[in-house]
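Protein chains in written order, with the numbering used here: chain A, 6 to 122; chain B, 6 to 122.
Among the hints, erroneous ones may be present.
Label-pair ranges, simulated between beta-carbon atoms [said to hold, decoys possible]: (1) B:Asn-57 to A:Met-42: 33 to 43 Å; (2) B:Gly-97 to A:Asp-104: 31 to 41 Å; (3) B:Asn-9 to A:Arg-119: 38 to 48 Å; (4) B:Ser-54 to A:Ser-22: 16 to 26 Å; (5) A:Met-42 to B:Gly-49: 36 to 46 Å; (6) A:Lys-34 to B:Gly-49: 11 to 21 Å; (7) A:Gln-44 to B:Val-94: 24 to 34 Å; (8) A:Pro-31 to B:Pro-31: 35 to 45 Å; (9) B:Gly-38 to A:Gly-111: 17 to 27 Å; (10) A:Glu-37 to B:Thr-46: 17 to 27 Å; (11) A:Gln-113 to B:Pro-31: 22 to 32 Å; (12) B:Thr-23 to A:Gly-80: 38 to 48 Å; (13) B:Thr-46 to A:Gly-38: 25 to 35 Å; (14) B:Ala-21 to A:Asn-28: 22 to 32 Å.
Some chain A residues near chain B, calculated using beta-carbon distances under 7 Å [stated by the list, open to error]: (15) His-53; (16) Gly-65; (17) Thr-83.
Covered stretches of chain A (in silico footprint by chain B; criterion: 3 or more residues with CB under 8 Å from a CB of chain B, positions within the stretch not fixed) [as the list claims (entries may be wrong)]: (18) 55–64; (19) 67–73; (20) 108–122.
Treat the hints as calculated values from the structure; they're not laboratory data. Glycine included, each C-beta is placed from N, C-alpha and C at the ideal position.
2 protein chains.
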Amino acid sequence: MEYNKGLHIICDLDSASTETLSNMEPFKKLVEGQIQMHQLTSTGSVFHSFPNGGFTAVIGLTESHLSVHTWPEFGKATFDIFLSNFMQVNNGACEEIADAIQKYFGGQVSQIHRLQR
Amino acid sequence: MEYNKGLHIICDLDSASTETLSNMEPFKKLVEGQIQMHQLTSTGSVFHSFPNGGFTAVIGLTESHLSVHTWPEFGKATFDIFLSNFMQVNNGACEEIADAIQKYFGGQVSQIHRLQR
Chain A
6 MEYNKGLHII CDLDSASTET LSNMEPFKKL VEGQIQMHQL TSTGSVFHSF
56 PNGGFTAVIG LTESHLSVHT WPEFGKATFD IFLSNFMQVN NGACEEIADA
106 IQKYFGGQVS QIHRLQR
Chain B
6 MEYNKGLHII CDLDSASTET LSNMEPFKKL VEGQIQMHQL TSTGSVFHSF
56 PNGGFTAVIG LTESHLSVHT WPEFGKATFD IFLSNFMQVN NGACEEIADA
106 IQKYFGGQVS QIHRLQR
């Protein structure tokens, strides 16, 4: 049987909101809310703030992972979310979480890729 | 100034080595060695083993992140590594680490993507 591992969405954003790009705690709450809403399971997470105000986060999920890196000094954020379809089909959840993160940071998508893995 | 955030390599592997796909500790050592060798800085990591023998890992780096997910029951592994070029150009390190992980799991690359972010 060929196993479709799942959808991986990889996105770069240009955002003028220095505050959103610098402020880690509200982003952490957004992600925790999304994980709960979509009934995903975190295996643990690493959040790290930089002295210049950017932050970086990786969240392990039993369904794969989510990452975000922000560069407020350049008005940019990158994120990726990969949800496997092992226990249930998570393609819809993957799209919805990507959409929620885009809306959260605002601004424009400079590139987005959807990989079927 | 346009800022080139860095190279993101995303790779799927088919590997017949159930032992390598199931055994988290040697992989952890490999990654720690690669981080040290390429003078990268970990912000923390999450390693998680599944009852079926697969494992999942996300490693936060000040330079971005690395993730791996294995499915020994399907003979598959996926990984991605994203290294930003903020402090130094890390494209070479990104390629070398991706190569080391491919060699570690053995088998065949079923898809690989190189995104300039």
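Evaluated hints:
no. : hint                              : in the structure
1   : B:Asn-57 to A:Met-42: 33 to 43 Å  : violated (27 Å)
2   : B:Gly-97 to A:Asp-104: 31 to 41 Å : holds (35 Å)
3   : B:Asn-9 to A:Arg-119: 38 to 48 Å  : violated (22 Å)
4   : B:Ser-54 to A:Ser-22: 16 to 26 Å  : violated (39 Å)
5   : A:Met-42 to B:Gly-49: 36 to 46 Å  : violated (25 Å)
6   : A:Lys-34 to B:Gly-49: 11 to 21 Å  : holds (19 Å)
7   : A:Gln-44 to B:Val-94: 24 to 34 Å  : violated (41 Å)
8   : A:Pro-31 to B:Pro-31: 35 to 45 Å  : holds (39 Å)
9   : B:Gly-38 to A:Gly-111: 17 to 27 Å : violated (40 Å)
10  : A:Glu-37 to B:Thr-46: 17 to 27 Å  : holds (26 Å)
11  : A:Gln-113 to B:Pro-31: 22 to 32 Å : violated (43 Å)
12  : B:Thr-23 to A:Gly-80: 38 to 48 Å  : holds (46 Å)
13  : B:Thr-46 to A:Gly-38: 25 to 35 Å  : holds (30 Å)
14  : B:Ala-21 to A:Asn-28: 22 to 32 Å  : violated (47 Å)
15  : His-53                            : holds (4 Å)
16  : Gly-65                            : holds (4 Å)
17  : Thr-83                            : holds (6 Å)
18  : 55–64                             : holds (count 5)
19  : 67–73                             : holds (count 4)
20  : 108–122                           : holds (count 4)
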